[in-house]
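Novice: Chain by chain, the residues:
Protein chains: 2
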Amino acid sequence: MKDIAERPLPTYDDVVAAHERIAPHIKRTPVLTSQYLNDLTGAELFFKCENFQPPGAFKVRGACNAVFGLSEEEAKHGVATHSSGNHALSLSYAAMRRGIPCTVVMPRTAPQAKKDAVIYYGGKIIECEPSTSSREETFAKVQEETGADFVHPYNDPRVIAGQGTCSRELNEQVEGLDAVIAPIGGGGMISGTCLTMSTIAPDVAIYAAEPEQADDAYRSFKAGHIIADDAPVTIADGLKVPLKENTWHFVSQFVTDIYTASEQEIIDAMKMTWYRLKIVMEASCAPPLAVILKNPETFRGKRVGVIVTGGNVDLDKLPWIK
Amino acid sequence: MKDIAERPLPTYDDVVAAHERIAPHIKRTPVLTSQYLNDLTGAELFFKCENFQPPGAFKVRGACNAVFGLSEEEAKHGVATHSSGNHALSLSYAAMRRGIPCTVVMPRTAPQAKKDAVIYYGGKIIECEPSTSSREETFAKVQEETGADFVHPYNDPRVIAGQGTCSRELNEQVEGLDAVIAPIGGGGMISGTCLTMSTIAPDVAIYAAEPEQADDAYRSFKAGHIIADDAPVTIADGLKVPLKENTWHFVSQFVTDIYTASEQEIIDAMKMTWYRLKIVMEASCAPPLAVILKNPETFRGKRVGVIVTGGNVDLDKLPWIK
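Chain order of the listed sequences is S and L.
Taking the numbering used here as reference, the numbering of the first sequence is continuous, increasing by one, and the terminal residue is 331.
Taking the numbering used here as reference, the numbering of the second sequence is continuous, increasing by one, and the terminal residue is 331.
These are calculated hints, taken from the structure and not from any lab test.
Do not take every clue at face value.
No copy is singled out in the list; a pair is fine if it fits within one copy or between any two copies.
[As the list claims (entries may be wrong)] Cut-off 20 Å, straight-line C-alpha distance, at most; resulting in silico cross-link-like pairs (EDC-like, lysine to aspartate or glutamate):
no., residue 1, residue 2
1, K133, E154
2, K280, E306
3, K331, E272
4, K11, E138
5, K36, D239
6, K280, D125
7, K36, E53
8, K124, D238
9, K249, E53
10, K231, E254
11, K11, E146
12, K133, D239
13, K311, D277
14, K124, D12
Whenever a hint applies, use it, and build me the whole structure from the sequences.
Specialist: Now the structure itself:
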C-alpha cells in the first residue's frame, strides 16, 4: 500500500488508460440539452449526466480506476476509504465488481440511505465519531488490520485520472465547446477536467462553481494558496471538503475562474434543472447553473459543458418543500 | 379541414414519413437502464425517455407530424385541439416551430402550470367549463371562427403515425427486444407502437399498463369492444381518457395483454424510478414498472422496452410527500 505522496501526478496518458480500464463498469452517460435553459442564459448548455452512473455519481470513474488498476497481490487486501458520500458508494461498487473487500469509515451520523447503499454494494462500514481525529484514528486502525489500499476521495492521482474520463467523453459528444463548468468541493472532478482539457482542448475555458457558504476553493484561488474551512454548512453537502495538494496543483494552474452561488440560488437552480431537464440531481450539482445565470456576460453566446455530478437525493426531503 | 373519419388509418410508411418530417423538431431520446431494477425484476429493462422531449412528452411526435404535414394553404388557418395536458403543450410547441396559430380549448380548472406552458409556446387558450358539453360547444365555435385544423390528442391517424416513431427509434437503440410496454390512456402511444412493431418486429410482445381506477382499456380489451368510463379518478391524470375507434383498431388487433396497477403501486413505481433512474417522470408513466413488478412471470428473462411518456410534474406536490 502506497501513500498518496508516493504516487506521481497523473498525465493524460493515465486518463486514456483509465478510460479503457473502467469502460466495462461505467456508463457513457448522455448529454442533455434544454431550449428553455439556452434561451434563459443566452448560452448553449450541454449537461453531462453523471447522475445516471451506476452508483449515481461521477465518482464511480475514479473509484473504478483505482480498484481495477491494483495488481492481483494488492487487490487481495481490498480497498478502504473514509467518506460519508458518493465516494463511499462508488468505491463499494467498484470493489464489488472486482470481487474484493471494501471498508468504509463513515461518521455514525451519516445518512442511513448512504449507509444502506454501501451495504447494498457489499461494502463494510466502520463507524466513527463525526470528528477528524476520530476518523483518522479509526481509519488508521482499519488500514493496519486489513492492509487495504487507501483510495482517497479526490486527492488520489488514480482518482483524478479516472474523473478525467468524463470530460474526455464530453469532448467527443459535443463539438466546439468554449467552456466546461463543474462544481468544486475537494476538486477531483475539476482536476480531472483540467488534466484532460488542457491536453486535448486547451482553448476551452474551465470554470468551477462553489457554494458561497463553502467558498474555500474560491478563496484559495484568489489567495494563491490552499485555504481550508472548518466544517462549512451548505445544502450542497458534496462540496464541503477542502482542496488538497494534488487537486490544488490542477486548480491553480488550469482553472479560468471560480464563481460562487448562495444557498437560495443553488436551490432555485436545482429545481429549475429538475423542471427543465427532467432529471433528479443533487443540490451539489446546482452551483454551475446558478453561476451561469448569475454571470451571463461570461457565458452568453458560448457552448458550455455542464457536469451534472450526482443524483443521490433524499426524495422525501426536497429543499423547496417546507 | 378534414374529419378524422375521412382520414385513412396510418400505415408503417406513414411512420417512416413522419420520422423524417419531425426529426428537426424532436429529440432522439436516450434509453436508460438500471442494474438495480433489472436485479429486482429479473428482466432487462430499457427505458425510452420521452420525458426529455422539448415539451416534456412523447406527444410532440404526433403533434409535429400533424402540424408539419399540413399544406401551406391548410397551415394558414392554424391548428386547434382540446386538451388539458401534454397534447396541448405539444401542439402549441409544434405550431410555434412552424410559425402558425394554435388554439387550445382547456377547462378553466386545468392546472395553471399547463396553461402557462401553452402560453410560453405561443398557444392561445380558450377556456371552457369542465364538462364534455361545454368543451364540444366551445371547440365547435373555435373551429368555425378560425377554420383551424383539428388535431385530436390520440385518435388522429397523423398523431398515431407520429407516436409510432418512438418505438422505431427504440428498436434501433436496443437489439433483440422481447417486449415493449407503455401506459395506456386514449391509446395513441400504444397504437403507434403496434403499428411500428407489427411491421418491423412482429415477434415483440406489446403490453399496455393502466391504473386500476381508470381501467376502461383493460375492460374494453377483455370485452372485445370499447368501454368508456365517465370521469375516472386516478393520480395518473394522463390516462383518464377512453379509447376511440382508431386506437381501438390497433389495441384490439396487436396488443398482447393489458395489466393494471393500484394507485399505491403507481406511486411506489414512480418514486422508485426517480430514485433508481434519476429521472423526473409523471405518475402516468409509472404503471408499466408497477405491472412488471406485479407480474414478474411475464417479464422475467425478457428484454423489455419501457416507454417513459412524460415528465411534466408539479415538483411542489409530490404524491409521496404528504
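Novice: Next step is simple, just say for each hint if it's right about the structure.
Specialist: We went through each hint and held it up to the structure:
1. K133 / E154: within (14 Å within a copy, 71 Å between copies)
2. K280 / E306: This pair counts as neither: shortest intra-copy Cα distance 23 Å, inter-copy 39 Å.
3. K331 / E272: Only inside one copy: K331 and E272 sit 15 Å apart there, 25 Å across copies, limit 20 Å.
4. K11 / E138: For K11 and E138, neither the intra-copy (26 Å) nor the inter-copy (73 Å) Cα distance is at most 20 Å.
5. K36 / D239: Neither way: K36 and D239 sit 35 Å apart in one copy and 46 Å across, limit 20 Å.
6. K280 / D125: Only across copies: K280 and D125 sit 17 Å apart there, 26 Å inside one copy, limit 20 Å.
7. K36 / E53: between (24 Å within a copy, 16 Å between copies)
8. K124 / D238: For K124 and D238, the Cα distance exceeds 20 Å both inside one copy (26 Å) and across copies (47 Å).
9. K249 / E53: Neither way: K249 and E53 sit 29 Å apart in one copy and 38 Å across, limit 20 Å.
10. K231 / E254: within (16 Å within a copy, 68 Å between copies)
11. K11 / E146: Close inside one copy (18 Å), not across copies (79 Å); limit 20 Å.
12. K133 / D239: Result: close neither inside a copy nor across copies, 28 Å intra and 55 Å inter.
13. K311 / D277: Cα proximity of K311 and D277: none, with 22 Å in one copy and 41 Å across.
14. K124 / D12: neither (27 Å within a copy, 60 Å between copies)
Hints 2, 4, 5, 8, 9, 12, 13 and 14, counting from the list given before, are not met by this structure.
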